[in-house]
Amino acid sequence: MYGKGSREDGNQSSLGEFILLGVSDRPQLELLLFVLILISYTITLLGNTTIIMVSWLDPHLHTPMYFFLSNLSFLDLCYTTSVGPQMLLNFRRSHKSISWAGCVAQLYISLSLGCTECLLLAIMAYDRYAAICQPLRYTAIMSLRFCLQLAATSWLCGFGNSMLQTILTLRLPRCGRNQIDNLFCEVPALLKLACIDTSANEAKLLAGAVIFLLVPLGFILMSYVYIGTAVLKIHSAKGRFKAFNTCASHLVVVSLFYGTGISMYLQPPSSYSQQRGKIVSLFYTMVTPMLNPFIYTLRNKEVALQKVLRRNPTTQGTQKLDMCSKFTP
1 MYGKGSREDG NQSSLGEFIL LGVSDRPQLE LLLFVLILIS YTITLLGNTT IIMVSWLDPH
61 LHTPMYFFLS NLSFLDLCYT TSVGPQMLLN FRRSHKSISW AGCVAQLYIS LSLGCTECLL
121 LAIMAYDRYA AICQPLRYTA IMSLRFCLQL AATSWLCGFG NSMLQTILTL RLPRCGRNQI
181 DNLFCEVPAL LKLACIDTSA NEAKLLAGAV IFLLVPLGFI LMSYVYIGTA VLKIHSAKGR
241 FKAFNTCASH LVVVSLFYGT GISMYLQPPS SYSQQRGKIV SLFYTMVTPM LNPFIYTLRN
301 KEVALQKVLR RNPTTQGTQK LDMCSKFTP
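Numbering (the numbering used here), first residue to last: 1 to 329.
Any given hint could turn out to be false.
What the hints assert, rightly or not - Listed next, the in silico DMTMM-like pairs over lysine to aspartate or glutamate satisfying Cα-Cα at most 25 Å (straight line): (1) K192 <-> E202; (2) K204 <-> D181; (3) K192 <-> E30; (4) K192 <-> D181; (5) K278 <-> D197; (6) K278 <-> D181; (7) K192 <-> D25; (8) K278 <-> E202; (9) K278 <-> D58; (10) K278 <-> E30; (11) K192 <-> E17; (12) K278 <-> D25.
Hints in this document: simulated from the structure, not taken from any laboratory. Source: prediction; values computed, not measured.
Go ahead and model the full structure; you've got the sequences and the hints to work with.
Take a look at the structure:
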């Protein structure tokens with residue numbers, strides 16, 4: 001099943017290609033998915049690019065919150081681009097293949113960006129904690145240098161973990177198997193091609209999922225416990241509502257991303273339904289990045305609110321909402 005001159009051993013598949021089965025057994029669904037993914041990908045490109053440009057061009061948005069949001073938007077752009085064009089191409093051709101190098105790149109990049117987003121969402125929760133629970137020290141805490149360090153750490157850790165998982169996955173012998181029953185190359189689907197026991201790899205994948213999914217999620221939940229306690233102390237009902245509203249968009253994104261990620265990676269690949277896996281994969285690679293710009297653009301009203309609050313220093317309680325403080329020089 002491999003290209004000319006390839007060996008039977010799956011580790012020699014670098015000379016050939018992989019076949020992405022996707023939903024090839026249902027041609028009508030392929031056409032529908034092509035249209036939906038094309039629309040989703042276009043909206044993702046436009047929405048996330050707009051957030052990056054607006055955050056860059058508007059001096060009022062040169063803040064920690066929008067710095068991390070720009071990172072998230074750039075990440076989503078790269079994430080969908082790493083898998084979207086290949087899926088669209090395979091939906092419209094009979095030979096649904098991807099080169100060995102292309103599969104490796106897709107596996108490494110998509111996993112790297114997924115891990116990075118896990119950490120980045122946790123960092124954004126810390127930013128909200130500092131803004132609401134430490135309002136007087138917020139500017140000093142979330143300095144430009146510290147924000148850059150946090151962002152760089154999330155990217156480096158994400159790509160480092162992906163390097164390890166990618167190497168471990170590609171070292172498995174596949175005994176000539178090259179048909180991936182998925183829409184794109186990812187670890188759980190590739191583990192199913194192995195012709196040896198993959199218990200050790202599944203354990204390492206589970207350990208990575210705990211570190212990059214459960215630990216950041218626990219940190220996020222703990223941050224919001226402190227945030228909720230601080231917000232409940234605000235005497236103004238309007239102030240409490242505004243405070244919860246500033247965090248709502250982040251919580252929605254966290255729920256969408258972590259919910260699908262946990263359902264995919266916190267179970268042995270040998271035990272999950274392949275059809276359900278395809279739907280979940282499609283959701284967190286295409287749907288969630290498309291929805292993020294819509295969810296976060298609700299914050300435009302918050303920016304306007306900050307201008308009003310700065311002109312009315314007597315407003316009490318809602319001053320804890322000032323999550324748009326400038327970076328310190």
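Hint-by-hint comparison with the structure:
no., hint, verdict
1, K192 <-> E202, "11 Å, holds"
2, K204 <-> D181, "22 Å, holds"
3, K192 <-> E30, "23 Å, holds"
4, K192 <-> D181, "9 Å, holds"
5, K278 <-> D197, "23 Å, holds"
6, K278 <-> D181, "9 Å, holds"
7, K192 <-> D25, "19 Å, holds"
8, K278 <-> E202, "19 Å, holds"
9, K278 <-> D58, "39 Å, violated"
10, K278 <-> E30, "13 Å, holds"
11, K192 <-> E17, "16 Å, holds"
12, K278 <-> D25, "14 Å, holds"
When each numbered hint is compared with the structure, a violation occurs for hint 9 only.
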